[in-house]
Amino acid sequence: MFFTKRSLKKTLLESFWNQPQYIKLSHQFSKNTQDYYWMNILKQKAQNKKRILDIGSTDGTRLKLLKVETQMYGLDIAGTAISIGRKKYPTINFIEADAEKIPFPNSYFDLTYTAFCLEHFIAPEKVISEMIRVTKKNGQIIFVCPNYGSPLINSPSTRHPRILKFIKILNLEILHFLKLNDKTIRWEKIQPKITNKFQPDDDAVNLPYLPNLIWVMKSFGLEIEHASSGWEVSRKGIVKILLFFLKKLGITNLYPIKYWGPDLFLICTKKI
1 MFFTKRSLKK TLLESFWNQP QYIKLSHQFS KNTQDYYWMN ILKQKAQNKK
51 RILDIGSTDG TRLKLLKVET QMYGLDIAGT AISIGRKKYP TINFIEADAE
101 KIPFPNSYFD LTYTAFCLEH FIAPEKVISE MIRVTKKNGQ IIFVCPNYGS
151 PLINSPSTRH PRILKFIKIL NLEILHFLKL NDKTIRWEKI QPKITNKFQP
201 DDDAVNLPYL PNLIWVMKSF GLEIEHASSG WEVSRKGIVK ILLFFLKKLG
251 ITNLYPIKYW GPDLFLICTK KI
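1 is the number of the first residue of the sequence shown in full-length UniProt numbering; add one for each residue after it.
In short, the hints are calculated from the structure, not lab data. Some hints here could point you the wrong way.
To be verified - Once the Cα atoms are required to be at most 25 Å apart in a straight line, the calculated BS3-like pairs of lysine-lysine come out as:
#	residue 1	residue 2
1	258	247
2	64	43
3	10	193
4	168	126
5	24	43
6	31	67
7	193	24
Owing to the predicted nature of the structure, the values given are computational and were not obtained by experimental measurement.
Sequences and hints are given; from them, build the entire structure.
This is the structure:
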């Protein structure tokens, strides 16, 4: 099925983001991941921040789990999620808005983050640009999501032959080596999987790739404080087996393999 940008956003809202079951699953996922390594770091970074913005906050559960006494803002395009959040967490400032046009002035927030939303943004480059704009100088921007662009990782709704992903990533790495288009988000676009029974990330529309995001943030003058693809964390299933063999080969710390793990976790500091 072919979607225009406008029709795709409308479909995602109607089929996923405004659905009570989707919001419930998002709430539960936030609770289930409250002790994950990246969440513990996010909690630390939230300390002593005057204003914090969560992009794609749904009902605000993750914001609440930061357990900080400060001005917290949750932005989401889904009106149903915002309504639920306002009733559930009255101390959070909720804004129903598109992250491509964040309704706040320049340099307003001390910490801006998005967790498990990059893969759902139709125009991630616009969202990232807006996150940079509304963050103060010396403020921090944090990204957390699946590293679906890695040639070793597939999204639940796609089953690309590994060789094709390797070829695409090789081309991307060559462009970076030649210093071409480092300011461009070059993530593969995919179609959402719309069925009667929703599964996590059926609503994914792109495949985020950690190295590309690092290049883009550096090109905009941001300092990379921390970057991880999650290889250091114990895993289950096929990723555990893959990690075992990569460690045996001693290559998990080599570029770009060190950024080919299942997670995209990036902390940046705005210096200009």
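Against the structure, the hints come out as follows:
Distance check on the hinted pair: residue 258 and residue 247 sit about 11 Å apart at the alpha-carbon level, within 25 Å; holds. A C-alpha spacing of about 10 Å is found between residue 64 and residue 43, which places the hinted pair at or below 25 Å, so the restraint holds. Of the pairs offered as hints, the one joining residue 10 and residue 193 holds, with about 14 Å between alpha carbons and a cut-off of 25 Å not exceeded. Proposed proximity of residue 168 and residue 126 is supported: the alpha carbons are some 23 Å apart, at most 25 Å.
The straight-line distance between the Cα atoms of residue 24 and residue 43 is roughly 22 Å, inside the 25 Å bound, and the hint therefore holds. Between residue 31 and residue 67 the alpha-carbon distance is near 13 Å, which keeps this suggested pair within the 25 Å criterion. In summary, the hint linking residue 193 to residue 24 is supported, as the alpha carbons are separated by about 19 Å, within the 25 Å threshold.
The structure meets every hint from the earlier list without exception.
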